[in-house]
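Asks: Chains as they are written, first to last, in this note's numbering: chain A, 1 to 311; chain B, 1 to 352.
Honestly, the hints are just simulated from the structure, not real lab data.
Incorrect hints may appear among the rest.
Said to hold, decoys possible - The calculated DSBU-like cross-link candidates involving lysine-lysine, where the alpha carbons are at most 35 Å apart (straight line), are:
| # | chain 1 | residue 1 | chain 2 | residue 2 |
| --- | --- | --- | --- | --- |
| 1 | A | 23 | A | 235 |
| 2 | B | 301 | A | 260 |
| 3 | B | 132 | A | 260 |
| 4 | A | 189 | B | 193 |
| 5 | B | 132 | B | 157 |
| 6 | B | 9 | A | 160 |
| 7 | A | 252 | B | 301 |
| 8 | B | 157 | A | 235 |
| 9 | A | 260 | B | 98 |
| 10 | A | 160 | B | 320 |
Stated by the list, open to error - Simulated restraints, written as ranges between beta carbons of each label pair:
| # | chain 1 | residue 1 | chain 2 | residue 2 | range |
| --- | --- | --- | --- | --- | --- |
| 11 | A | 250 | B | 190 | 51 to 61 Å |
| 12 | B | 339 | A | 147 | 28 to 38 Å |
| 13 | B | 193 | A | 24 | 46 to 56 Å |
| 14 | B | 82 | A | 218 | 50 to 60 Å |
Said to hold, decoys possible - Partner residues are not named here, just some residues of chain A that face chain B (Cβ under 8 Å, in silico):
| # | residue |
| --- | --- |
| 15 | 44 |
| 16 | 69 |
| 17 | 194 |
| 18 | 251 |
| 19 | 252 |
Ideal Cβ positions, reconstructed from N, Cα and C, are used throughout, including at glycine.
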Amino acid sequence: MTKIRCALIGSGNIGTDLIYKIKRSPVLEPVWMVGIDPESEGLARARDMGLKTTAEGVDGLLPHVLEDNIQIAFDATSAYVHAENSRKLNALGVMMIDLTPAAIGPLCVPPVNLKSYTDKNVMNVNMISCAGQATIPIVHAVARVQGVRYAEIVASLASKSIGPGTRANLDEFTYTTSNAIEVVGGARKGKALAIINPAEPPMIMRNTIYCLTDDAPDQAAITRSVLQMIGEVQKYVPGYRLVNGPAFEGDKVSVFMEVKGLGDYLPTYAGNLDIMTAAATRTAEMFAEEIIAGSLKLVPTKAAAVTEAAQ
Amino acid sequence: MTSNLKGRKVILHDMCLRDGMHAKREQISVEQMVKLATALDDAGMPYIQATHGAGLGGNSVQHGFALASNQAYISAVASRMKQAKVSVLLIPGLGTMKELQEAFDAGARSVHVATHCTEADTSPQHIAYARKLGMDTTGFLMMAHLNDAAGIAKQGKQMESYGAQTVYVTDSAGYMLPDDVRERVAALRDVLKPETEIGFHGHHNLGMGIANSIAAIEAGASRIDGSVGGLGAGAGNTPLEVFAAVCDRMGIETGIDLFKLMDVAEDIVLPMMDHLVRVDRESLTLGFAGVYSTFLLHAKKAAHAYGIPARDILIELGRKKMIGGQEDMIQDTAMTMAKDRGLLTEPTLAEA
Numbered sequence: 001m002t003k004i005r006c007a008l009i010g011s012g013n014i015g016t017d018l019i020y021k022i023k024r025s026p027v028l029e030p031v032w033m034v035g036i037d038p039e040s041e042g043l044a045r046a047r048d049m050g051l052k053t054t055a056e057g058v059d060g061l062l063p064h065v066l067e068d069n070i071q072i073a074f075d076a077t078s079a080y081v082h083a084e085n086s087r088k089l090n091a092l093g094v095m096m097i098d099l100t101p102a103a104i105g106p107l108c109v110p111p112v113n114l115k116s117y118t119d120k121n122v123m124n125v126n127m128i129s130c131a132g133q134a135t136i137p138i139v140h141a142v143a144r145v146q147g148v149r150y151a152e153i154v155a156s157l158a159s160k161s162i163g164p165g166t167r168a169n170l171d172e173f174t175y176t177t178s179n180a181i182e183v184v185g186g187a188r189k190g191k192a193l194a195i196i197n198p199a200e201p202p203m204i205m206r207n208t209i210y211c212l213t214d215d216a217p218d219q220a221a222i223t224r225s226v227l228q229m230i231g232e233v234q235k236y237v238p239g240y241r242l243v244n245g246p247a248f249e250g251d252k253v254s255v256f257m258e259v260k261g262l263g264d265y266l267p268t269y270a271g272n273l274d275i276m277t278a279a280a281t282r283t284a285e286m287f288a289e290e291i292i293a294g295s296l297k298l299v300p301t302k303a304a305a306v307t308e309a310a311q
Numbered sequence: 001m002t003s004n005l006k007g008r009k010v011i012l013h014d015m016c017l018r019d020g021m022h023a024k025r026e027q028i029s030v031e032q033m034v035k036l037a038t039a040l041d042d043a044g045m046p047y048i049q050a051t052h053g054a055g056l057g058g059n060s061v062q063h064g065f066a067l068a069s070n071q072a073y074i075s076a077v078a079s080r081m082k083q084a085k086v087s088v089l090l091i092p093g094l095g096t097m098k099e100l101q102e103a104f105d106a107g108a109r110s111v112h113v114a115t116h117c118t119e120a121d122t123s124p125q126h127i128a129y130a131r132k133l134g135m136d137t138t139g140f141l142m143m144a145h146l147n148d149a150a151g152i153a154k155q156g157k158q159m160e161s162y163g164a165q166t167v168y169v170t171d172s173a174g175y176m177l178p179d180d181v182r183e184r185v186a187a188l189r190d191v192l193k194p195e196t197e198i199g200f201h202g203h204h205n206l207g208m209g210i211a212n213s214i215a216a217i218e219a220g221a222s223r224i225d226g227s228v229g230g231l232g233a234g235a236g237n238t239p240l241e242v243f244a245a246v247c248d249r250m251g252i253e254t255g256i257d258l259f260k261l262m263d264v265a266e267d268i269v270l271p272m273m274d275h276l277v278r279v280d281r282e283s284l285t286l287g288f289a290g291v292y293s294t295f296l297l298h299a300k301k302a303a304h305a306y307g308i309p310a311r312d313i314l315i316e317l318g319r320k321k322m323i324g325g326q327e328d329m330i331q332d333t334a335m336t337m338a339k340d341r342g343l344l345t346e347p348t349l350a351e352a
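Kindly generate the complete structure, drawing on both the sequences and the hints.
Replies: The structure is reproduced here in structure tokens:
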């Protein structure tokens, strides 16, 4: 079967884990890995796994895009360089899956809104953040039952699973995730908190979701909706698990989740890595299926406006 | 002992209106803040921290909603200070640079940028931003008992490299003993630039607040956090009026009017307390097990809701190595313990 050929930009934790996820896909094939440090472990691993690599950044990839028929690129660099990467690749007709907090394209959480984008001419979709992928499905599960005036999520991440880019830019994570809780989750106001825990052995990613509902929560309907949504996420992240809740106290709904990864690049505690790369892969697959079926044609974007990347 | 510290100058930093917010479930009014801060200012307190207990961005389901916004608290207090500087707490991952700018605009001139004691590299943006604003900028290494002296020195050096002018050893769990404090402060003194100050922030869960603060000064610290009347999380912070009296006896110069401080503790702080902030069964458990002091009242609430003793919950949180900011894991842990003890059942799709 035909596979859509992909490039991965950024050779850190996320980019490297993506290789494993994409290799497993029936419709995607990882072809290029782009880094900026010739000595990076991620590039070495990509070469070992049969990918072509460049340490010259996106400009090192551009001359090969057409001859290698690259149609989808995943950007796992930083919010600051994403806009430029996206502009250059969109101009060559490459669709962009953005795993940085740049969020210049529409925000995507697969079980919530992925289907709404595949029939539009979207050349860039944003995956928000690991915590966003882990929590927004639950916010949406509550908001589809009844009005949520405020939703707040708390992501606890193992120290070893957080790379230097995320650490140095925690504010971008906070802004992007908070906004997505509103725009995608459906809460009128959203807030995101992140805690990095250094415990040994490393703790498995945990996420707590609090929703404050407009009226007294319909406990049975919300519980049913949340459990159904968990089943949807488990289709692409098997280690997505309800630990406690939904618990109800007045207008407050609390859900306590755990995300265990597949242990591809980092060990299973780094569920944050998995849910991000699995969601990005799931998203790319949806577009790839449309491309293969001929129902989606990628069109080079001319002089796409470069939006301010970081807030 | 008196002689070697005689003449040393130490800057006191009061935490009643920030750490004390935890002990009041964030329910201190703007009027109460102004009254207490004005009295502290009059007693010569050089720095007064005034925000939500969890600092900037703290208003949340996770940490509770205060009676007023941080901006309202800060501007009300700052506008009335004759000499004291108003400070804030900022924990990256919770507070952001946007909120730091708002706090500065409201009148805050000093900031504790706080990270867990192994995660200093989550603070470069915020420390640099505070310096750009011209604020008195501290790097605040929380739960310092969970990193050894060499590790603390390395983390402190990183914060200094981002621009921190002071680095704090923060005993968030009230777990440390004087030797623990001494070796960490000494290790920092060895690696930091001579002009970089060192501070110590204690909790009184093992009754060691004063002794630990003195040990810190002996090892080279020049800034001490505490709270007048001990109004703070857990068994409270180092009681500053007691510490000021000890300093006076030892010849350490704080520039504080001791009797005025004693009056503030007795006449203003004590009547504000909802419960007597002291070493009791639960706060002692925090200090003994090395658990974040702020967990105290959350654990008591979960104990009430799920029928698990607060001490059992706190011990389990310590065993699971939960750190500051993970207040959600208190209810989660209590629920899991309740299931294990047959007090709670799990929902299933069939039932729902």
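Asks: With reference to the structure, classify each hint as holding or not holding.
Replies: Hint-by-hint comparison with the structure:
Only pairs whose Cα atoms come within 35 Å are accepted, and residue 23 (chain A) paired with residue 235 (chain A) is accepted, the gap being roughly 17 Å. Between residue 301 (chain B) and residue 260 (chain A) the CA atoms are separated by roughly 29 Å; this keeps the pair inside 35 Å, and the hint holds. Between residue 132 (chain B) and residue 260 (chain A) the alpha-carbon distance is near 40 Å, which puts this suggested pair outside the 35 Å criterion. As the CA atoms of residue 189 (chain A) and residue 193 (chain B) are separated by approximately 44 Å, the hinted pair breaks the 35 Å bound.
Of the supplied pair hints, the one linking residue 132 (chain B) and residue 157 (chain B) holds, its CA atoms being roughly 19 Å apart against a limit of 35 Å. For the hint pairing residue 9 (chain B) with residue 160 (chain A), the CA-to-CA distance comes to about 40 Å; that exceeds 35 Å, so the pair is violated. Between residue 252 (chain A) and residue 301 (chain B) the alpha-carbon distance is near 15 Å, which keeps this suggested pair within the 35 Å criterion. The hinted pair formed by residue 157 (chain B) and residue 235 (chain A) fails the criterion: a straight-line CA distance of about 45 Å is larger than 35 Å.
With a C-alpha separation of about 33 Å, the suggested pairing of residue 260 (chain A) with residue 98 (chain B) holds against the 35 Å cut-off. At roughly 17 Å between alpha-carbon atoms, residue 160 (chain A) and residue 320 (chain B) fall within 35 Å of each other, so this suggested pair holds. Range check, residue 250 (chain A) to residue 190 (chain B): Cβ separation about 52 Å, and the 51 to 61 Å hint holds. In this structure the supplied range 28 to 38 Å holds for residue 339 (chain B) paired with residue 147 (chain A), their Cβ-Cβ distance being about 31 Å.
In this structure the hint that residue 193 (chain B) and residue 24 (chain A) lie 46 to 56 Å apart at CB holds, the actual value being about 51 Å. Checked against the hint of 50 to 60 Å, the pair residue 82 (chain B) and residue 218 (chain A) passes, with Cβ atoms roughly 55 Å apart. Hint status for residue 44 (chain A): violated, given a least beta-carbon distance of 24 Å to chain B, over 8 Å. Because the closest C-beta pair between residue 69 (chain A) and chain B is about 40 Å apart, greater than 8 Å, the hint is violated.
With its C-beta approaching chain B no nearer than about 4 Å, residue 194 (chain A) sits inside the 8 Å limit, and its interface hint holds. Using the Cβ-Cβ criterion of 8 Å, the hint placing residue 251 (chain A) at the interface with chain B is not satisfied: the shortest such distance is roughly 11 Å. Taking 8 Å as the C-beta cut-off, the interface hint given for residue 252 (chain A) holds, the closest approach to chain B being about 7 Å.
Checked against the numbered hints above, the structure violates hints 3, 4, 6, 8, 15, 16, 18; every other hint is satisfied.
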